[in-house]
Amino acid sequence: MSETTLFWPILIVFIGALFALIIGLSPLRQRLSIPLFATLLAIFSFSAFLLDISTWPSLNDGRALVWQINWLPSLGLTLSLYYDSLSALFVFLVSGIGTLVLIYAGQYLKGDENAWRFLHYLLLFMGSMIGVVMAGDIITLFIFWEGTSITSYLLIAYKSKYEEAREGAFKALFITGGGGIAMLAGLLIVAHVAGGTDFVTILQSGEALRNSNLYPVMLALVAFGAFTKSAQFPAHIWLPDAMSAPTPASAYLHSATMVKAGIYLLERLNPAMGSTEAWFWLLTLVGGITMLTGAYLGLKQNDLKALLAYSTISQLGVFVMLIGQEVEAAFKALIIGILAHALYKSALFMVVGIVDHETGTRNVTRLGGLRRAMPVSFVLATIGALSMAGLPPLFGFLAKETLLAAAVHPTFSPLESYLLASAIVVAGALLLAQSGMLVYETFLGQAKDKSVHAHEAPWPMLLAPAIPALLSLTVSLPNARTVEPYLASAAANAFGTAVKVSLDLWTGINTPLILSVVAITLGSLLFGQRAQVRAWQNRIPATVSFNRVYESALRLIDAGAYWATRLQGGRLRLYLAIMLLSMVGLVLRFGATLPLVNLLANLTWPTPTADGELAILRIFSLVFIVVTALASVLLERDFAAILAMGASGLGIVALMVLEPAPDVALVQVVVDILAMVILVLALARLPRPQRRKAQELTLKLKSFRPGLLWDGFVALSVGALVTAVTLTALVSRPRESLVTPYFEENAKPLAGATDIVGAIIVDFRALDTLIEISVFGMAGVGMYMLLRYAARKYGDVGAQVEELPAPIQRLRSRGIGGAKTSSFVHALAYFSLPLALVVAITHIMYGHDQPGDGFTSGVIVSLAVGFWYVVFGYYETQRRLPWLKYDAQMVSVGLLLVVLSGLLAAFINGTFLSPLNFGAMLALPLPKGFYLSTAFLFEVAISLTVVGSVTLMLNTLGHPGQTQEEAKARLQEIARLEEENEKQAKG
Amino acid sequence: MEFQVPAINLALLSPVLIVMVTGALIMLLEFFIPETRKGWYTWLSLVGIVLAFAQTATMWGSEAGTFTPVGGQPMVLLDNYATFLNLIFLITGALTILLAISYLRRTGLDRAEFYMLLLFSLSGMMLMGMANDLILVFLALEILSIPLYIMAGLAWPRGESEESAMKYFLLGAFSSGIFVFGIALTYGATGSTALPQVLTGIANGGALGLAGAAFLLVGLGFKVAAAPFHMWTPDVYEGAPTIVTAFMSVGAKVGGFAAMLRIFLAALPEIGDTWVTAVAVLSALTLIIGNVVAITQSNIKRMLAYSSIAHAGYIMIAVAASANSERGLSAALFYMFAYLFTTLGAFAIVMAREHQLGEGLQLNDYKGLARRHPLLALVMAYFMLSLTGVPPTGGFSGKFYLFRAAIEASSAGPDLLWLVLIGVVTSVISGYYYLRLVYLMYMTDGDGTLVEERHPAVVTAVAVTVAFTLLLGFMPGTWFDVTRQAVLWGGRLLAGG
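Going down the list, the protein sequences come from chains E and D. Going by my numbering, 982 is the number at position 982 of the first sequence; the sequence numbering is gapless. With positions in the second sequence counted from 1, the corresponding number in my numbering is that position plus 1000.
So here's chain D without its partners, still in its complex pose (with noise of 0.2 Å):
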């Protein structure tokens, strides 16, 4: 008997089934390998993201589609756009675990199921770039999140890690309902979830389709963070173990805006006005919360949680931008890379101050820090200068980007200057959160213990995102250009043939 299913090209799926069989390998061996022997799972998934690492590496510039039904559309896309996310999410994997090493030892939390989920997440978030069907889209959400509901009751039975978990499962749950129901909606508006064919039903789906448009973007609103959405942000950030936090906040949101990109341009094109505008409302209301509340904040990893949510503001700017400039797409994903770097560091010196669980996180806690360790603070200012937007540092370059290509886009579409304008004035207002550390560290006098944090790996994840973050910020024409490869593929194109 011949069959004839979908064709799965196993050479596009790699690197996420490797990312997948290595956690399920972690799962099975653990069984096998006594608990008193650690470090094993640590290697093991440093060894599936670099192999993973390896094989996307190789597959930049092809562009293929696979999971094709007969006569359909490809369910699974690898374009340029695919690849550099996946590049983007390896990354935040691999610097998370070297970050992990020494923090889960020291807080006691270093269980083989920790990589488990992570590498289970890690392959959802990859699915997220690639998957051109809703179905598919939702899927990769929920893998993409279990395990980070999990992962942030880690540190169990601590009060906050527990609540933590709890709220971002039940909110998260409900986000997810929202998403299915928009999922069915646009399915009903359009007869089909697959992206290109969503494109060309939703102009004719009317109220149905816009309706089934703005439960997309909730869902996707509360997992890139984005206000009214963000209300968990703060309290699952600070009560996580502050590894997951770190990797929480790379990983997730730009999981989130890597479909919701995808599904703007491939699927929405025909009601992009309406979604600019929508996109462009919630992106102002992010910049002005995050930015504005993240002041008042002492504890360093709510401020950070606050920042977050601000900057996912600034990527929805490229966001809006990117349906009338053919620069927006790309200084998202620009944005996101310098993002990665920065927010990863900065949340390794947190690790670093952080001697006792939930010790050593106030604001207060960081004066005079650069008398003692003037290293620590010197690279925690700069990482503090790149969130702020500060030349010469990827955070500025990532913002000049994005706001030209805002600028760019307000001359083909709906008018964007509004959101540059806020902003261009919500940065200088972060300047004030973000400096007040460099200013606690530098001016004030402050004592208190360190934990002597001289772990090579925690060093060469430092050092990548210290040498990252100046490269972006001296050097970042060559990463504009790859930037500007990593087109999306099939959303237009396949929709006309």
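Next up, chain E with everything else stripped away, as it sits in the complex (with noise of 0.2 Å):
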């Protein structure tokens, strides 16, 4: 491989994958037979193998090559790819023990109608892991590490149906890809300091990084993302429960690659990041504690891939601790220890795997003797554990060795020398104990359980784990020293610097080797009392179990979404709480409360004085409007609370007189009114035992409950801060406004109105009344449709008012709900309509020049209209008004007609909804004070607009055939609907 082709053990691995989906989505899968099909897919894995190892010799110098390309050129961002003699070697790993794992996976998943999807996830998972031990920058890097979190899930959880499947496979996705995120927030401070994202960058600002004020910060984010991936203490207890694995997966993911991804980030951060305090100690603590935990749990073991889990555990820690050094030895021990440990245990694994499919069992307190039945799955057995027990002449011995002497190399304190040391020792005695169980339970002694029937492995399966257990053998082969430049490359790229490396298993009489005899006699002694130590071990209640921690943070996390949950219970009046409460908090916090609090302080309260003589008017109003709101709230009775609602609002009318602003006054008292009539509409339809439990409910919620506490006081703070906030802008004025006198100014001269708010209305705002009467038409429709198209859709009576018999009708003349009306009153209904209609086009004509516009005249009329529902009834008013049934239409040519005028003059004024007066033009006789101009007919339009829309909630309001039966049939018609649907998608 050249830098231009770094990107093809990446690509023909997911090739490979690509392969896997198709055959396995395809027929082809039935003609193809698992092993075979197994084997074809080994050829992708070997070639990325053939391609790493062809062009590690070339990196022996320790230089990297870096490919990338600009990947998305426009947000300038890149892939890159990052691969030296460290990634060499993991590629190493990853491809040749994968190529192994695939073949044995063949044969053990021999007969699974879905063994496709496993060899598929198997490849998926080998692109990413590869991945993740060649990019080239933080992004690509973190892409594949979720990759291998996500496919690693879907492999432990392939066995879906168990249970501890799926629990272990989220377990494992929950701590590492959480460490993930983790990694991903340190590794972007990192290149924020760095200054770049590519590897090539941040190698090179190890000074920045060290001195940084974010390093401590970084380096948690970072480590704690290495350390959840390498199961370290105490983020390892994912990695036991995902034995739940098929095995091939374990042997693959949790011996050489997945769990080593932590321990290659740490490698590669090492010469930027490393070689600080902070680092040594965090490495080498978590890192021991780690090795102790995981060699002391895992003699206590019966499960066999669980005794294996906890030695992997053990191992993954020395290595932790390893980095943590700032001596050459230990990037030896490191490098060497890496690659022994992936071969024996991959071994261990995959002869465990053939044990317990031959068997149906991989519990040592049911195995034993088996050596007979299976020998050369012995043989395998043995060789790996001696390897694991670091015993020579095997791999596992040297990688002891080395350890050992990293562990008392001179720049070490005595002390830390004699702490290590003896941790290892330590250590390796466990492991020892433990490689001696394994091979001596299942393979020596006698058979414990004689329901266990045991046959050899097919050869295939037996080849699989045969090579590296051999391998693990090899270093003791005289040529085995030709590997040793690439070894020493790699451990330099972790390094920093050059590291020598020899694999020499005799290096004299010196203290690791005395401190090896030290373990492997104390590991014997263990071995020798197993029984007594495991049964003490057992009588030891584990009382820190980071499982009950792991467990309460997802009881934590249950918790947290019952609680969201509970919160968003539908409950209107809790969303509203927190809405008004955060709008409180924001407020007080962004609003700058200090000069709030500053002003309200030296707030010179004005003396009241009774002074002019409107003021006691005013007050008497203040009064009347508080009063009356109060009562709106504490009366019982409905129909009383909307009647002191609406005299509140008159209240604020008789200031607004007072001010003296006649306009606003005017639209205030009809709209108010208009508000009502609409309410008693509303409340009229409803049944009353409806309305009856209403009342009930709201007696209820008057007694003293503690929930009122709580109402209390989210209103009272509510209402405290738009107190305070609205006391500040009285005191705060008088501003003057930049707006009113301006309107003052130019009403006359400009729109030739004297009335500034009819001005305002159609000529200075008249946009805004375009959109306003839009609003209030919507609001119309919106009542009409949500009530009222159902009934006159669905067989409902008031649409077929006109086809009833005249007799029915006069019988049905009565006031609304039944009512009977007195004829003072009808008389006072017919006149008032006229009436209202004369003033409405008072209104209209003089609006520029007299308080009132279109806006009152149509309300006005509304008014009347709707004083006609209540004296007469529905049918009665339909009948004699005909036009009411135009309501929509009333709307709809009113906008319309707004947008004529305007275009009108447009084209002759060349300005949109600009003033135009027909009359002048035209020399029309015209009375005084009134013009036939676009302001006329954009008030006309306004009236209409308002007519009509009140008109559609009467004719929703007063119609008195809403009841269920709407409903029902509406219902019924969504079910035949259904049918159809249902038809059409059979036929």
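Treat the hints as calculated values from the structure; they're not laboratory data. Here a beta-carbon is modelled for each residue, glycine too, at the ideal position from N, C-alpha and C. Among the clues, some could well be false.
Claimed, not checked - Result set (DSS-like, lysine-lysine): computed pairs, CA atoms no more than 25 Å apart in a straight line:
(1) E/Lys161 x D/Lys1038
(2) E/Lys983 x D/Lys1038
(3) E/Lys161 x E/Lys110
(4) D/Lys1367 x E/Lys986
(5) E/Lys300 x E/Lys450
(6) E/Lys448 x E/Lys500
(7) D/Lys1038 x E/Lys885
(8) E/Lys448 x E/Lys300
(9) D/Lys1367 x E/Lys159
Stated by the list, open to error - Cβ pair distances, simulated, as ranges:
(10) E/Phe907 x D/Val1459: 35 to 45 Å
(11) E/Phe907 x D/Pro1456: 31 to 41 Å
(12) D/Asp1481 x E/Leu683: 54 to 64 Å
(13) E/Leu709 x D/Val1459: 51 to 61 Å
(14) D/Phe1474 x E/Leu28: 26 to 36 Å
As the list claims (entries may be wrong) - Chain E regions said to be covered by chain D (calculated; three or more residues, Cβ under 8 Å):
(15) 184 to 194
(16) 572 to 579
(17) 716 to 728
(18) 771 to 778
(19) 889 to 900
Using the hints, put the two standalone chains together into the complex.
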């Protein structure tokens, strides 16, 4: 491979994954036996392997190949790969062991219908893993990193019908995926400080990184990501549970690959971020504790895979500890250790898988004496176990020797050396005991459970573990030393400067050798006394189990989700309370509380004076407003409450009249009354029992309960805030308005209006008015749509009103709700409508100069119509005022009229909605003060829209035939449609 | 008599007017065309939107204000910012209509009023981006909202739909009140509601101006569903007919942001740092709440509701960045542009899967979809990837762009790096719920029927959304340039002279 072809190993493996998917989804799968299929797939990973070993030698001078493409140039985003001896070592393991595991998996899963899926996931994992160790920038690294988390989830949960498989998989994903997010956050900080996301830049910025204020943060985050992935204490708890994966996955992920990703990351960053006190202590302590914990817990296990998992944890602890050191020897030990561990651990996992496969159990209390039935497995297991135990002449021995040599390195203080060495000796002894147990309890002695039958596995299945097991031995061969420079180069990449690596097994009698002998002796003792030791271990209750922490974290998340759901339970009151309290918080935090408080504190309260003739009236109306508003809340009868609210609105009218603001007062008074009429009509629609129930409910709410305190709190805090802000607004006045003087000056000269409000509505802010009336129209349409549409569509009486015979209509000529109305009231109604029309027309004609406008005129007409509804009832009103049924059309004609008159003006005057006086243009004889202008048309349009919209509301609310029937009809219709749909789907 | 009131440039307003008039025409014609004849309103509204679109497209590059009182400030602005947003709204409207045709027919909701309401709401959205005066913003907000309240309740008398409309209306009315209060305070502090005049006055407005701005933020925060003012969203989204949910989740949100950005940049730079921090805090809350709670949802509409909350959080990162980085504004626009296609596309698939009212909407209903409907599943998976922000999708380009803008803004103003970090981490968290759907579709077996959705309009709409999500993923460059040209005009410029 050269720099430009670096992507091939990753690509080839992903092509293999694609190939697996295509075959798996196509009928071809039926013709292909699983072992053959797996072997075919192994070709892909083997090609990656070949590419790797062909390039490795060229990297011995410590250089790195970098490949990058401008992936999305417009984002300035590059995708890059970084490949040096360290990467090469890992690619070697990932693709090499991957090839063997694929072949092994083919045998292991023979007869499994869905095996292709497993193989597919395995290749996806392999591609991601190669991606992790070849990533050239942090984004690429992160994507592949999470890719391994997700694919490992799929692999562990492969036997998804078992709950423990699902839970184990989830635990692995939760911990490693979460760690990945932390790592990303940390790496982003690293990139920010280094000034680039690629490793080339990051590795050159070691100085800046170590001196940065953010160093502790990034170290903690990155290390956390690496520790979770590499099963460091206390995040190690996922690894034993992940043993529910099919054994090929365990052999692959949990020995040589995924769990080494964290180690790889730390090695990669060591030259830039290492060699600090924090780095040393963090890695040494965490690694050391992990080493001891894993070794100790491993001896307790009965399950062979669990035993291997714990010994893996222990070994990973060793690696982390080594990366923390600042000496060359440590990195020599590290690289040898990684290689040795990958070889013997994958072999052991595969052998255990064979045992499990052939006997149906991997529990040491049931196995035993298998050496006769499974001789080859026995030999392979023994080699692997000897290496794990660190006995000569195996690779494991060499690894341990170098490790001990690193521990007693002269740069350490005697105390450090002593502690390190003894920890390693203890852990080594424990591992040796476990290795012995693994071989002895499984293959030697007598069969403990007679029901367990065994026979040797087929040779291809044995081949896979045989290769790494034998490679563990090759270190004792003379020509093994040819790989020394490769390993030295990898170690140098991790250490930062050159490292000498020698694979000499015999280095003379020195401290490491003596320590090794101590460890072996101690281990043999432990092995001999294993029954007692294990019994003793089981007596000590596991007081601190981090599984409990994990479980409580999950419970916490569940509880959080529960509370979030509770909060989101559809209770409007709660929503509102949260919204309002947040608003209070936001305004207090960002609305400059301090000036607000200062202002209020220094407030000179104005002394109330009763000067002026109208002051008393003002005070009276203010008191009136407050009292009636309170009453509207406290009154129990709905009708009375509405009246009180209306009265409160009228109080505001009084205030406005006193201002004096006749226009605004006029609008307010008509709108207030209209709102009341609509509310009363709406109330009348509700069935009596329902109203009574609501009333009872209100009564119940008024009695004291704890919730009331909360509601009171919310109300008081919002009220206090609004009061404070309003008070501030009042005292910081007068700030002269920029708007009012402008309108005062210009209403007459520019718009020809002496009534400012009139000018504002149709001239100065004509566009606003157009939108306003659209809003008003929408409100009417809305009410109609929500309440009435279904009625008209699904057989409601109102729609057939004209077809009813006359006598019946007379009979129904009663007031709303069937109430009798006196002839005096009738007469009043007859009189009011024409009067209202006259008032309305005057308003429209002279709105420009006098108080009143199209809006008030529309509301006045609507009020008269509303009165008719109350007096004559729905049917009679509809009969006598047939134009009422053109409700929506009035709205639309009104809107269109505005636009049309605006367009007319646009064509003549050049600007849209500008005033245009046709009367003057055409020299029509018109009464004084009335202009036939676009303003007039505009007023008419507004009035029309308002009448239309209110009529829509009245037609809807005044309609008597609105009951549950409509709803039923609608639901039937839905059912019918669904039936039809189903029929169509079938046909 | 010669009058001289504010001149209104018809050309500038014509897109809005076309949409509005089409709505009014539908209302009028509905009376004359028998109910048995259906479909005419669909075509009429599409024609209206296309006309408005064509008119808007010709305005790209022109900058003008209109509706200017003598010596005053224009109340309506048409700059590239507004034009670009108008294009977003019109595309949203057109795609919604395309998707609505068969959905409404299927669910028995096929009525002219739906289209009328949609058009009026659309006109409000367009005005949100054009308004240069707080009063006009409020009116636009109302004309945008009221039809939506009604549309949410369209599936009457289905309980959830009714409830959805009721909740939306009540809380919406409250937030409108808060917004008006904010306008009143701002007016009190500055003496004007015109944004350029607010700009010059707010620095002297003291506490009052800040409080006013905070209330404005609350009102708009509700519209865009930013936490903690998001509480209504899941209930309303779930209850409303799915087509309305789709329209709402894009239109109303982008509408809210249109006004928020304009107000922020044209009126409030003087109190910029306070606003940036406030927006950043809300953004962080929104990101965390939206993304974390989405994980536990089992109903797809609810999940998408939380997802839309989360996306509001991302857009708010860009809003916060826009104060101190030129890229902030264009990042927000680009993000919304990408969001529009991805979200509408995802909802299109949801609608295809929803075989009866409210059925087929559980995540579990998507099990094994890949085997039975490979293309549908593939498209859905792609949209999920885009929502997560995985390259190469429009969602990724959008996120990348806005994160970069925020980093850039940090060097000139308040630090936003922490917000970027939260944004990145929550994006990864969002992968868990988006990809879970992909996992369910591809890796599990399931059964269930599917509405045979082969309506050409739906196919067209889905094709458009896929095409744009791909385009924005693979070649975001041209669109970056477009959004970079879509800058505000008027704000600072007019303040000086």
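Going down the list of hints, with the structure as the test:
no.: 1; hint: E/Lys161 x D/Lys1038; verdict: violated (51 Å)
no.: 2; hint: E/Lys983 x D/Lys1038; verdict: holds (22 Å)
no.: 3; hint: E/Lys161 x E/Lys110; verdict: holds (19 Å)
no.: 4; hint: D/Lys1367 x E/Lys986; verdict: holds (22 Å)
no.: 5; hint: E/Lys300 x E/Lys450; verdict: holds (24 Å)
no.: 6; hint: E/Lys448 x E/Lys500; verdict: violated (49 Å)
no.: 7; hint: D/Lys1038 x E/Lys885; verdict: holds (22 Å)
no.: 8; hint: E/Lys448 x E/Lys300; verdict: holds (18 Å)
no.: 9; hint: D/Lys1367 x E/Lys159; verdict: holds (18 Å)
no.: 10; hint: E/Phe907 x D/Val1459: 35 to 45 Å; verdict: holds (42 Å)
no.: 11; hint: E/Phe907 x D/Pro1456: 31 to 41 Å; verdict: holds (40 Å)
no.: 12; hint: D/Asp1481 x E/Leu683: 54 to 64 Å; verdict: holds (59 Å)
no.: 13; hint: E/Leu709 x D/Val1459: 51 to 61 Å; verdict: holds (57 Å)
no.: 14; hint: D/Phe1474 x E/Leu28: 26 to 36 Å; verdict: holds (32 Å)
no.: 15; hint: 184 to 194; verdict: holds (count 5)
no.: 16; hint: 572 to 579; verdict: holds (count 6)
no.: 17; hint: 716 to 728; verdict: holds (count 3)
no.: 18; hint: 771 to 778; verdict: holds (count 5)
no.: 19; hint: 889 to 900; verdict: holds (count 7)
Going through the hint list in order, the structure does not satisfy hints 1, 6.
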